[in-house]
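Enquirer: The primary structure of each chain is shown beneath.
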Amino acid sequence: MLTLGELASHIGAVLSGDATILVRRVMTLSKAGPEDVGFLSNPHYRRHLVHTRAAAVILGTADVAYCPVPTLVSENPYLAFAKATALLNPMEPAPRGIHATAVVASGAEIDASAWIGPLSVVESGVRIHAGVIVGPGCVVGAGTSIGTGTQLIANVTLCHGVQVGDRVVIHPGAVIGSDGFGLAKDGERWFKIPQVGGVIIGNDVEIGANSTVDRGTLEDTVIEEDVRIDNQVQIAHNCHIGAHTAIAGCVGIAGSARIGRRCTIAGAAGIAGHLDICDDVHITAMSMVVQPITEPGVYSSNLPAKPNRQWRRNVARFHHLDAMARRLQVVEQQLATLLKGNS
Amino acid sequence: MLTLGELASHIGAVLSGDATILVRRVMTLSKAGPEDVGFLSNPHYRRHLVHTRAAAVILGTADVAYCPVPTLVSENPYLAFAKATALLNPMEPAPRGIHATAVVASGAEIDASAWIGPLSVVESGVRIHAGVIVGPGCVVGAGTSIGTGTQLIANVTLCHGVQVGDRVVIHPGAVIGSDGFGLAKDGERWFKIPQVGGVIIGNDVEIGANSTVDRGTLEDTVIEEDVRIDNQVQIAHNCHIGAHTAIAGCVGIAGSARIGRRCTIAGAAGIAGHLDICDDVHITAMSMVVQPITEPGVYSSNLPAKPNRQWRRNVARFHHLDAMARRLQVVEQQLATLLKGNS
Amino acid sequence: MLTLGELASHIGAVLSGDATILVRRVMTLSKAGPEDVGFLSNPHYRRHLVHTRAAAVILGTADVAYCPVPTLVSENPYLAFAKATALLNPMEPAPRGIHATAVVASGAEIDASAWIGPLSVVESGVRIHAGVIVGPGCVVGAGTSIGTGTQLIANVTLCHGVQVGDRVVIHPGAVIGSDGFGLAKDGERWFKIPQVGGVIIGNDVEIGANSTVDRGTLEDTVIEEDVRIDNQVQIAHNCHIGAHTAIAGCVGIAGSARIGRRCTIAGAAGIAGHLDICDDVHITAMSMVVQPITEPGVYSSNLPAKPNRQWRRNVARFHHLDAMARRLQVVEQQLATLLKGNS
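Protein chains in written order, with the working numbering: chain C, 1 to 343; chain X, 1 to 343; chain E, 1 to 343.
Everything labelled a hint here was simulated from the structure, so no lab data went into it.
Since the model is a prediction, treat every value here as computed from it, not as a measurement.
Some clues are possibly wrong.
Stated by the list, open to error - Away from chain X, derived, C-beta distances all over 10 Å, residues of chain E:
hint, residue
1, Ser-16
2, Asp-18
3, His-48
4, Ser-113
5, Lys-192
6, Asn-210
7, Glu-219
8, Asp-280
9, Val-289
10, Ser-300
11, Ala-316
12, Leu-321
13, Lys-340
To be verified - Which stretches of chain E does chain X cover? Using the computed rule of at least three CB atoms under 8 Å from a CB of chain X, they are:
hint, stretch
14, 26-38
15, 128-141
16, 249-256
17, 303-314
Even for Gly, the Cβ is constructed at its ideal location relative to N, Cα and C.
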């Protein structure tokens, strides 16, 4: 437990209230009790503020007046909440060593402070640095390098020759370095193009559960530092993702796409291959990008759901939109002629 | 093998025909032979009825007249078919015990009637109840609880602190309890929000291959009883899915969405975060829900494919639809003025 | 290393230049150095040709004039590039035998030239043919058969009773033979339909990382020869995919769909269930097919992203498209009446 004073100091918030009150955890406004710190950053939950029983609430200046309990005011309440949660939920000390059931190739270099969990496989030529945690059931392919403090949670597959930076977190079921989908037509048959590039993953990257990052065909697939990738994201061969870009669940990025820095790609969006997206681009959910984007901004091609009956009527019209546009042109011309005659 | 009489009685169907005929399995109408029971529930396959060589056919009243062989008439022929299949394909008796290659932490409580398969990991503080089957290659994280008769087929990952109900089936590659995608902006960098909630999965839930269910940030992600989840579905942190809801393959549900009871969400649909969908809502395939839904019914935003040439012409017009609407307004006004002048 | 002469002969290209020059690898035009062979097949990268420092470039006739270095001219430069890459990157000789930590059921038949990797499980009744490679962490379910030269890279799950052909490659995290999503309504509850069919995978098929192929309900799910499946593809129960069809990442195909031969389905497209798509159909990315397709050709229903402000204006109009069409009809009728009166 921490005092509100300690918490305020750590998260950089201004406390109004008794600095000696002890708190145990961060909790949502509606569930927080007298030993909890609540928080308000999404206005969607503002209605819960007046009823909160929290010991204190992390919030922005604008909401202070409506808060019935002590406040921890921050310019960035969401970040302050995140820091408070981290502070009140310290990571458990990790084990170190190699579990007796792990299969480690001779010649793999494993730092003494790293942990290789049960039933994991570490192939030849692997270098595992200080403080790395390889959870249960992981496969670390030949020649792979894993940087300081990186965690593979469980059942992660790193194929051969993948380079992972420091403080990376890779969630269960993720596959890094699988072959790209490279095929050449040979008559009606397909000829597989060997995928001989690698994957380079920068520092502080996070890769979600069951996401996949293919190796490059000839050069490397590159994920720059602090890129954040949610679950079930597919990143194809030769992609290059710029630093600080965040990619939400179920996004697919086709081969050789280059995404800039500080972009956000919302859930289930798709990016076509062989195109560049500049820095600071934001793609909304379920949108499809098929042309290069050279200007920062928000881009969309998604359609919000409507009652099916109404939707179907509009879609039926959509399939005749070109004809409709032509009819409008005819009307405009006829009307122009009429108006000319009348004037 | 069973007699048609036994089968009719078990599945609650009315038999017209020889009750002593023996049948071995259920098969499709077009493939069924003289030891098989056929079935007809989808009208798409009605054309196969008159040619069937099945011993008998499960069907609804309306199709009886066209059936050349004995009939098993049911008000719900699809359910009757399902029951017949279950009856003719009884589950094999499961093994019990702990395979010699499984890694089980001391202190894990495992019922004597449960089975822990080869090369699975059961971490500390786990409680596994009667008749549970943990297939090969699974990871069961610390503090997890698995209810009576639940099956993890193979290579399933349950992260720490997940609570799974009774008679749940989790298919290979599924990941339950991975960290949610919680990030706060700290300048241009991301600050990871610790995900300290859990996941609660009700009784009779099924979760498909390579699906992912993230743990809650502070509270729990909740999947109520009898929810059915297909393959490659992504359910983000803090979601709450109501009982008897079915979610088809490739659906993505963003964080803190609340889905009602008895909903169906068809394949590859997307649900935005922080919204409520009421009971008895049906979302059609590939639709995107971005606003709360408060009325039961069918909702859509999908577009059916057309020949590309036609499609492209309509899309080109779509990108000028606002201008087109303005032009229509101008035409309407000009015409109104004209008509007024003429009257 | 190979001489340009040897390379030209092997890949069926016409060399213009010194046949004795030695090359080491294939590389992209912009990165190729004096020991590398470059290639040009995608016109997107033509701008790099004049600056290349490659020893030689594989290209088509049309580009020869712009190439500053020796040329390897091919009618199909992409195929020639693929063959060159394969030639210069020969597969390493595979190990053979059974790793000491693999768990192999007695009675499984494993060819002496096959390899069963560490921490893999091979269940009873399995037949593994010559030269098969089962990588680390795989599960090969009871009664499965794996044809000559097939590779399961790592952490692959084959459920029971799956038949895999020769020279198939299955990438990490893929799940073959999981239960289909078969449910019958029983009041408000779901009744699971046992999935008792199998999966048949033809020769020369490739299945990407974290893709899923469900077993059939009664008959088999069938993937014909030389079908190529990218990552995170979902193929539901009872599907039948014709030979030489290629399916890109994140595609979902619903149950009982039949896809023809030589089709291509681009990324994140969706195919509804219980429909037939004929041979030689090409579905563009993120399109949704809900009706049978009986004519070869290109089909689409995707919408390219635009700046959000412009997009939202057009979508707002779209939701009134039916009304707009009716208004246009009114205008047309009024105008026709006017024009009639004027004439």
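Enquirer: Does each hint fit the structure? Answer for all of them.
Expert: Here is what the structure says about each hint:
Its beta-carbon lying about 39 Å from the closest one in chain X, Ser-16 of chain E satisfies the requirement of being farther than 10 Å from that chain. The claim that Asp-18 of chain E is not at the interface with chain X holds, since no C-beta of that chain comes within 10 Å of its own (minimum 46 Å). Non-interface call for His-48 of chain E relative to chain X: holds, since the shortest CB-CB distance, roughly 30 Å, exceeds 10 Å. With a least CB separation of 24 Å from chain X, Ser-113 of chain E remains clear of the 10 Å interface cut-off, as annotated.
The beta carbon of Lys-192 of chain E sits about 7 Å from the closest Cβ of chain X, which is not more than 10 Å, so the claim that it is off the interface is violated. At the 10 Å boundary, the C-beta of Asn-210 of chain E falls inside the reach of chain X, the nearest C-beta of that chain being 5 Å off. The Cβ of Glu-219 of chain E does not lie farther than 10 Å from every Cβ of chain X; its closest approach is about 6 Å, which violates its non-interface assignment. Distance to chain X confirms Asp-280 of chain E as a non-interface residue, since its nearest Cβ pair spans about 13 Å, more than 10 Å.
A beta-carbon of chain X comes within 10 Å of the beta-carbon of Val-289 of chain E; the shortest separation is about 5 Å. With a closest Cβ-Cβ approach of about 4 Å to chain X, Ser-300 of chain E is found to fall inside the 10 Å limit, against its non-interface label. With a closest Cβ-Cβ approach of about 7 Å to chain X, Ala-316 of chain E is found to fall inside the 10 Å limit, against its non-interface label. The non-interface label for Leu-321 of chain E is inconsistent with chain X: the shortest C-beta to C-beta separation is roughly 8 Å, within 10 Å.
Distance check for Lys-340 of chain E against chain X: the nearest CB is about 12 Å away, which clears 10 Å, and the non-interface claim stands. With 0 residues having a beta carbon nearer than 8 Å to a beta carbon of chain X, the stretch 26-38 of chain E misses the requirement of three or more and the stated coverage is violated. Counting residues of the stretch 128-141 of chain E whose CB lies closer than 8 Å to any CB of chain X gives 3, which reaches the minimum of 3, so the coverage claim holds. Against chain X, the stretch 249-256 of chain E contributes 3 residues with a C-beta closer than 8 Å to a partner C-beta. That satisfies the three-residue criterion, and the hint holds.
For the stretch 303-314 of chain E, the proposed coverage by chain X is satisfied: 6 residues have a C-beta within less than 8 Å of a C-beta in that chain, meeting the threshold of three.
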